[in-house]
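*Asks:* Listed here are the chains, written in short residue letters.
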Amino acid sequence: MMQITVAGVKKEIKDNTTIAELIVSENVETPEYVTVTVNDEFIASDKVSSTVLKEGDTVEFLYFMGGGR
Amino acid sequence: MITIQRADYEKMLRHAESCLPNEACGLIAGTVQDDVREIRAVYLLTNTDQSREHFTLDPKEQFAAIKDMRAKGLTPLGNWHSHPESPSRPSEEDQRLAFDSKASYLILSLMERDRPVLHAFRITGSEPKTVEKEPLVIEG
Numbered sequence: 001m002m003q004i005t006v007a008g009v010k011k012e013i014k015d016n017t018t019i020a021e022l023i024v025s026e027n028v029e030t031p032e033y034v035t036v037t038v039n040d041e042f043i044a045s046d047k048v049s050s051t052v053l054k055e056g057d058t059v060e061f062l063y064f065m066g067g068g069r
Numbered sequence: 070m071i072t073i074q075r076a077d078y079e080k081m082l083r084h085a086e087s088c089l090p091n092e093a094c095g096l097i098a099g100t101v102q103d104d105v106r107e108i109r110a111v112y113l114l115t116n117t118d119q120s121r122e123h124f125t126l127d128p129k130e131q132f133a134a135i136k137d138m139r140a141k142g143l144t145p146l147g148n149w150h151s152h153p154e155s156p157s158r159p160s161e162e163d164q165r166l167a168f169d170s171k172a173s174y175l176i177l178s179l180m181e182r183d184r185p186v187l188h189a190f191r192i193t194g195s196e197p198k199t200v201e202k203e204p205l206v207i208e209g
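Taken in order, these protein sequences are the chains called V and H.
So for the first sequence, this note's numbering puts the first residue at 1; every next one is plus one.
So for the second sequence, this note's numbering puts the first residue at 70; every next one is plus one.
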């Protein structure tokens, strides 16, 4: 197990967890409209499944925010 | 219920007026205790659409604001945007593009320039989405 910070909250997760797996375990709504950052870096959507999280990582989920009229 | 300090409301209003004729937008942060969400900070972000009918938050500015909230121990509460020419209610596009059911969506109408109107909404579920007006109190 390892400790990371997700949306400001420290959590224990399994070793070798990918961002895609974290999105599922965190029940992120409409993940196709969410941008992920890890340690201040924006993760390209095609890297979400292959990026493995490490001890001490800080993850944020940013929802697309827009609208109109 | 969600509360906002008058100074923060006026900061939002001044920014929205300065962005006319385009829509203005930003984020809100604060605290949550029981059913009361207290706005403690209003963030003014760039509307990357630069449009009088649409808005999109700049993801880099959005992330910088989130980092600032974390540093200050505040919780992201949602976003706000202005409607320069329409009422304070979520449009079809506002509803379609509301992806965070935990967020409060504040809409500031400048349709009547001398009578700005700010309301808060929660938008949940999938199409058709459910829109509920969230009681909003301007304090101070």
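A couple of the hints might just be wrong.
[What the hints assert, rightly or not] Cross-link-like lysine to aspartate or glutamate pairs, in silico, DMTMM-like; alpha carbons within 25 Å at most: (1) H:80 x H:196; (2) H:141 x V:21; (3) H:136 x V:29; (4) H:171 x V:26; (5) H:198 x V:46; (6) H:136 x V:21; (7) H:129 x H:181; (8) H:202 x V:29; (9) V:10 x H:86; (10) H:141 x V:46; (11) H:129 x V:15; (12) H:198 x V:26; (13) V:47 x H:127; (14) H:141 x V:32.
[Said to hold, decoys possible] Using C-beta positions, here's what the derived DEER-type ranges look like: (15) V:44 x H:182: 39 to 47 Å; (16) H:206 x V:9: 39 to 47 Å; (17) V:44 x H:186: 17 to 25 Å; (18) H:154 x V:46: 35 to 43 Å; (19) V:7 x H:70: 18 to 26 Å; (20) V:41 x H:183: 25 to 33 Å; (21) V:1 x H:208: 39 to 47 Å; (22) H:158 x V:49: 18 to 26 Å; (23) V:12 x H:89: 44 to 52 Å; (24) H:208 x V:44: 28 to 36 Å; (25) V:49 x H:105: 33 to 41 Å; (26) V:12 x H:202: 35 to 43 Å; (27) H:209 x V:47: 40 to 48 Å.
Hints in this document: simulated from the structure, not taken from any laboratory.
Fair warning: this is a prediction, and the values are worked out from it, not measured in the lab.
C-beta: ideal position from N, C-alpha, C; glycine also.
*Asks:* For each hint, tell me whether it holds in the structure or not.
*Replies:* These are the hints, each one checked on the structure:
Only pairs whose Cα atoms come within 25 Å are accepted, and residue 80 of chain H paired with residue 196 of chain H is rejected, the gap being roughly 34 Å. Note on residue 141 of chain H and residue 21 of chain V: the hinted pairing is violated, with a Cα-Cα distance of about 29 Å set against a maximum of 25 Å. For the proposed pair residue 136 of chain H and residue 29 of chain V, the alpha carbon gap of about 21 Å is at most 25 Å, so the pair holds. Pair hint residue 171 of chain H plus residue 26 of chain V holds up; C-alpha atoms about 14 Å apart against a cutoff of 25 Å.
For the suggested pair residue 198 of chain H and residue 46 of chain V, the alpha carbons sit about 29 Å apart, so the restraint of at most 25 Å is broken. This hinted pair checks out: residue 136 of chain H and residue 21 of chain V have alpha carbons roughly 23 Å apart, not beyond 25 Å. Annotation: proposed proximity of residue 129 of chain H to residue 181 of chain H is violated, straight-line Cα distance about 32 Å (limit 25 Å). A distance of roughly 21 Å separates the Cα atoms of residue 202 of chain H and residue 29 of chain V; the hinted pair therefore holds under the 25 Å criterion.
Of the supplied pair hints, the one linking residue 10 of chain V and residue 86 of chain H is violated, its CA atoms being roughly 40 Å apart against a limit of 25 Å. About 32 Å separates the Cα atoms of residue 141 of chain H and residue 46 of chain V, which puts this hinted pair outside 25 Å; it is violated. Our distance criterion of 25 Å between C-alpha atoms is broken by residue 129 of chain H and residue 15 of chain V, whose separation comes to about 29 Å. Between the alpha carbons of residue 198 of chain H and residue 26 of chain V the distance comes to roughly 22 Å, so the proposed pair stays at or under 25 Å and holds.
Pair hint residue 47 of chain V plus residue 127 of chain H holds up; C-alpha atoms about 21 Å apart against a cutoff of 25 Å. Taken as a hint, the residue 141 of chain H and residue 32 of chain V pair is broken in the structure, with Cα atoms around 29 Å apart against an allowance of 25 Å. For the hinted restraint 39 to 47 Å between residue 44 of chain V and residue 182 of chain H, the CB-CB distance of approximately 43 Å keeps it satisfied. Look at residue 206 of chain H against residue 9 of chain V: about 28 Å separates their beta carbons, and that is not inside 39 to 47 Å.
A C-beta distance of roughly 40 Å is found between residue 44 of chain V and residue 186 of chain H, which places it outside the suggested range of 17 to 25 Å. Roughly 39 Å separates the CB atoms of residue 154 of chain H and residue 46 of chain V, a value that falls within the hinted 35 to 43 Å. Checked against the hint of 18 to 26 Å, the C-beta distance between residue 7 of chain V and residue 70 of chain H comes to roughly 23 Å, which is consistent with it. The beta-carbon spacing between residue 41 of chain V and residue 183 of chain H, approximately 46 Å, falls outside the hinted interval of 25 to 33 Å.
Checked against the hint of 39 to 47 Å, the pair residue 1 of chain V and residue 208 of chain H passes, with Cβ atoms roughly 44 Å apart. The hint said 18 to 26 Å for the Cβ distance between residue 158 of chain H and residue 49 of chain V, and at roughly 39 Å that hint is violated. Range check, residue 12 of chain V to residue 89 of chain H: about 49 Å between beta-carbon atoms, so the 44 to 52 Å window is met. Taking the beta carbon of each, residue 208 of chain H and residue 44 of chain V are about 42 Å apart, not inside 28 to 36 Å as hinted.
Hint check: residue 49 of chain V to residue 105 of chain H, Cβ distance near 39 Å, so the stated range 33 to 41 Å holds. Separated by about 39 Å at the C-beta atoms, residue 12 of chain V and residue 202 of chain H satisfy the suggested range of 35 to 43 Å. At roughly 46 Å, the beta-carbon separation of residue 209 of chain H and residue 47 of chain V lies within the given 40 to 48 Å, and the hint holds.
This entry does not satisfy hints 1, 2, 5, 7, 9, 10, 11, 14, 16, 17, 20, 22 and 24, going by the numbered hints stated previously.
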